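There are 2 protein chains.
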Amino acid sequence: MVAADNLQMPHNEAPFDLSAYLKQRQVEVEAALESSIIVTYPEKIYEAMRYSLLAGGKRLRPILCLATCEMAGGTVEMAMPTACALEMIHTMSLIHDDLPAMDNDDYRRGRLTNHKVYGDDIAILAGDGLLAYAFEYIATQTKNVPPERVLRAIAQLGHAVGAAGLVGGQVVDLESEGKSDVTADTLHFIHTHKTAALLEACVVSGGVLAGLEESDLQRLSRYAQNIGLAFQIIDDILDVTATAEELGKTAGKDLQAQKVTYPSLWGIEESRRQAQALIATAKEELTPFGEKAQPLIALADFITNRKN
Amino acid sequence: MVAADNLQMPHNEAPFDLSAYLKQRQVEVEAALESSIIVTYPEKIYEAMRYSLLAGGKRLRPILCLATCEMAGGTVEMAMPTACALEMIHTMSLIHDDLPAMDNDDYRRGRLTNHKVYGDDIAILAGDGLLAYAFEYIATQTKNVPPERVLRAIAQLGHAVGAAGLVGGQVVDLESEGKSDVTADTLHFIHTHKTAALLEACVVSGGVLAGLEESDLQRLSRYAQNIGLAFQIIDDILDVTATAEELGKTAGKDLQAQKVTYPSLWGIEESRRQAQALIATAKEELTPFGEKAQPLIALADFITNRKN
Numbered sequence: 001m002v003a004a005d006n007l008q009m010p011h012n013e014a015p016f017d018l019s020a021y022l023k024q025r026q027v028e029v030e031a032a033l034e035s036s037i038i039v040t041y042p043e044k045i046y047e048a049m050r051y052s053l054l055a056g057g058k059r060l061r062p063i064l065c066l067a068t069c070e071m072a073g074g075t076v077e078m079a080m081p082t083a084c085a086l087e088m089i090h091t092m093s094l095i096h097d098d099l100p101a102m103d104n105d106d107y108r109r110g111r112l113t114n115h116k117v118y119g120d121d122i123a124i125l126a127g128d129g130l131l132a133y134a135f136e137y138i139a140t141q142t143k144n145v146p147p148e149r150v151l152r153a154i155a156q157l158g159h160a161v162g163a164a165g166l167v168g169g170q171v172v173d174l175e176s177e178g179k180s181d182v183t184a185d186t187l188h189f190i191h192t193h194k195t196a197a198l199l200e201a202c203v204v205s206g207g208v209l210a211g212l213e214e215s216d217l218q219r220l221s222r223y224a225q226n227i228g229l230a231f232q233i234i235d236d237i238l239d240v241t242a243t244a245e246e247l248g249k250t251a252g253k254d255l256q257a258q259k260v261t262y263p264s265l266w267g268i269e270e271s272r273r274q275a276q277a278l279i280a281t282a283k284e285e286l287t288p289f290g291e292k293a294q295p296l297i298a299l300a301d302f303i304t305n306r307k308n
Numbered sequence: 001m002v003a004a005d006n007l008q009m010p011h012n013e014a015p016f017d018l019s020a021y022l023k024q025r026q027v028e029v030e031a032a033l034e035s036s037i038i039v040t041y042p043e044k045i046y047e048a049m050r051y052s053l054l055a056g057g058k059r060l061r062p063i064l065c066l067a068t069c070e071m072a073g074g075t076v077e078m079a080m081p082t083a084c085a086l087e088m089i090h091t092m093s094l095i096h097d098d099l100p101a102m103d104n105d106d107y108r109r110g111r112l113t114n115h116k117v118y119g120d121d122i123a124i125l126a127g128d129g130l131l132a133y134a135f136e137y138i139a140t141q142t143k144n145v146p147p148e149r150v151l152r153a154i155a156q157l158g159h160a161v162g163a164a165g166l167v168g169g170q171v172v173d174l175e176s177e178g179k180s181d182v183t184a185d186t187l188h189f190i191h192t193h194k195t196a197a198l199l200e201a202c203v204v205s206g207g208v209l210a211g212l213e214e215s216d217l218q219r220l221s222r223y224a225q226n227i228g229l230a231f232q233i234i235d236d237i238l239d240v241t242a243t244a245e246e247l248g249k250t251a252g253k254d255l256q257a258q259k260v261t262y263p264s265l266w267g268i269e270e271s272r273r274q275a276q277a278l279i280a281t282a283k284e285e286l287t288p289f290g291e292k293a294q295p296l297i298a299l300a301d302f303i304t305n306r307k308n
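Listed in order, the protein sequences are those of chains A and B. Just so you know, we're using my numbering here: the first sequence kicks off at 1 and counts up by one. Just so you know, we're using my numbering here: the second sequence kicks off at 1 and counts up by one.
By construction, these hints were calculated from the structure, which means they are not laboratory data. A portion of the hints provided could be inaccurate.
To be verified - Below, computed lysine-lysine pairings styled on DSS-like, alpha-carbon distance capped at 27 Å: (1) A:LYS259 x B:LYS44; (2) B:LYS116 x B:LYS44; (3) A:LYS292 x A:LYS259; (4) B:LYS143 x A:LYS143; (5) B:LYS283 x B:LYS23; (6) B:LYS292 x B:LYS23; (7) B:LYS23 x B:LYS179; (8) A:LYS179 x A:LYS259; (9) A:LYS179 x B:LYS44; (10) A:LYS116 x A:LYS58; (11) A:LYS116 x B:LYS116; (12) B:LYS259 x B:LYS292; (13) B:LYS179 x B:LYS58; (14) B:LYS116 x B:LYS259; (15) B:LYS283 x B:LYS143; (16) A:LYS58 x A:LYS307; (17) B:LYS116 x A:LYS179; (18) B:LYS307 x B:LYS23; (19) B:LYS179 x A:LYS44; (20) B:LYS179 x A:LYS116; (21) A:LYS292 x A:LYS116; (22) B:LYS44 x B:LYS23; (23) B:LYS283 x B:LYS307; (24) B:LYS307 x A:LYS44.
Since the structure is predicted, the reported quantities are computational estimates derived from the model, not experimental observations.
The task is simple: from the sequences and hints, build the whole structure.
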């Protein structure tokens, strides 16, 4: 028998290797996404869905979901369908946001946007297809999880993407365009809904699938809201400070569009300080999970230190 | 005590009053839809979602779901959230289909289309919001149904609206536009996906929620596929024969758009004969359900006899 205290991680252990962790998880997520959509007649719509879903990216959202499920005592397998669904939903929101009727972007991650390749009509339908499939996929592919937990994960994702989340954030963002008197409150609303809501769904659904209790789920919500807002502040800072090559998209776009951003409200130094404070608060929420929280703690740091 | 055979309907009973049945169910569905979406900040998106969701209509899809659940031994209450979700999904598909990038329609049911009132950007987001909310609504609002059945209903709806259903049908419809050599097979694909798939989800989800067994669910699938195709044939016939006033939308639109339709392939008389044959086959599938199938049988007849 191994004594219980032998199960504790030794204090002098090597620091957590986030880069290796992300690489391994990314490979697993790519494989799962690759096999999630099979091309069949009418080929064009499946190809359009795959074009954007398999366009690379850091896969932060699915990895957050898998990491949280593992931290909470679940397995990668339990959360993989939900993790894929989160990436499908994120992809849908990018395809629709890029449309000429919305942000009118021609490039995304260095490639032509969906509607530039397939046309506006197919791009709208590809988004609809991904959104519908996300829910079907969780409902049919999740194994070894009690069905009431799966239902709760579905509700979480639906809430995060709908008018109470992503969609609502995008509406206020559109309304604020070209206005110079956007307040910090409005900016906060936009980002807690456009960015933080889906990140919250990532970690909370991971916790729900693993069967965490309510108080722990609330800790995860607060962790996600804080890193979500920090993520957006860093995004705004990078838009000012990074080059187009580093970003894989046009730099200085916010300034050009006269968008109100955190740096324009607070300045770059104060924005950076605020992001760091949010990350510190986020990490504190994970204290009760002990050593198991290492990946989520490292992910929070990764967000503040990223270069693109 | 009432003897068991007293519960059987007497043979000389008055014929089933479909009109009264539809009126009552419609009132219930309207009330449920009305309270399903509360307007809050940002008001515009909730108003846009409600504008199209509460625009009237026959509410055939939710009523089919409720009627099937009751026929299968369930209650209206068990199926109402799914019934509302089906109407949200149907409404989403109309909003997106009407967009300039798609069918470019200015009027729907005699009112301005969503994008004509709220703009293309909000119309896209209102559709997304309704689609996401449909799944959240089933997951959170369904009471007194085992969760594995609710999950299966969610999967059914997701499948019906995605690339394997509505979205796929719309893609082939767009590809066929302006082509004069569209075959009966292609026309069949369009309508089994654009119309029949969602009607199938209506009745099958109603049956699933009530706990029907597999062979009965397959009967319901075949019933729905047949009435779905008949519904579309009648739609095509009405486009030729009805006035704009009767339809509440532009008549003769298909002819104007040089769209291949059932009347253009088969002529009006043969189209009518085919629709009637489909309805007869649909009704035969319901034989094992006996007297309880009356509403679904009357609904099948209603589809062939409708004037708009």
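A:LYS259 paired with B:LYS44 [C-alpha distance capped at 27 Å]: The hint holds at about 21 Å.
Satisfaction of hint between B:LYS292 and B:LYS259, Cα-Cα up to 27 Å: violated, 40 Å
Restraint status (C-alpha distance of A:LYS179 to A:LYS259 at most 27 Å): holds, 8 Å
Hint consistency between B:LYS307 and A:LYS44 [alpha-carbon to alpha-carbon, up to 27 Å]: With Cα atoms ~36 Å apart, B:LYS307 and A:LYS44 exceed 27 Å; violated.
Restraint check for A:LYS116 with A:LYS58, where alpha carbons must lie at most 27 Å apart: holds, 23 Å
Agreement of A:LYS292 and A:LYS259 with the hint, judged by alpha carbon distance not exceeding 27 Å: violated, 40 Å
Restraint status (C-alpha distance of B:LYS292 to B:LYS23 at most 27 Å): holds, 19 Å
Pair hint outcome, A:LYS292 versus A:LYS116 [Cα-Cα no greater than 27 Å]: violated, 44 Å
Satisfaction of hint between B:LYS23 and B:LYS283, Cα-Cα up to 27 Å: holds, 22 Å
Agreement of B:LYS116 and A:LYS179 with the hint, judged by alpha carbon distance not exceeding 27 Å: Cα-Cα ~24 Å, so holds.
Given hint A:LYS307 paired with A:LYS58 - CA-CA distance at most 27 Å: holds, 12 Å
Agreement of B:LYS179 and A:LYS116 with the hint, judged by alpha carbon distance not exceeding 27 Å: Given pair B:LYS179, A:LYS116 holds - Cα atoms ~24 Å apart, limit 27 Å.
Consistency note: the structure conflicts with the earlier hints numbered 3, 7, 12, 13, 15, 21, 22, 24.
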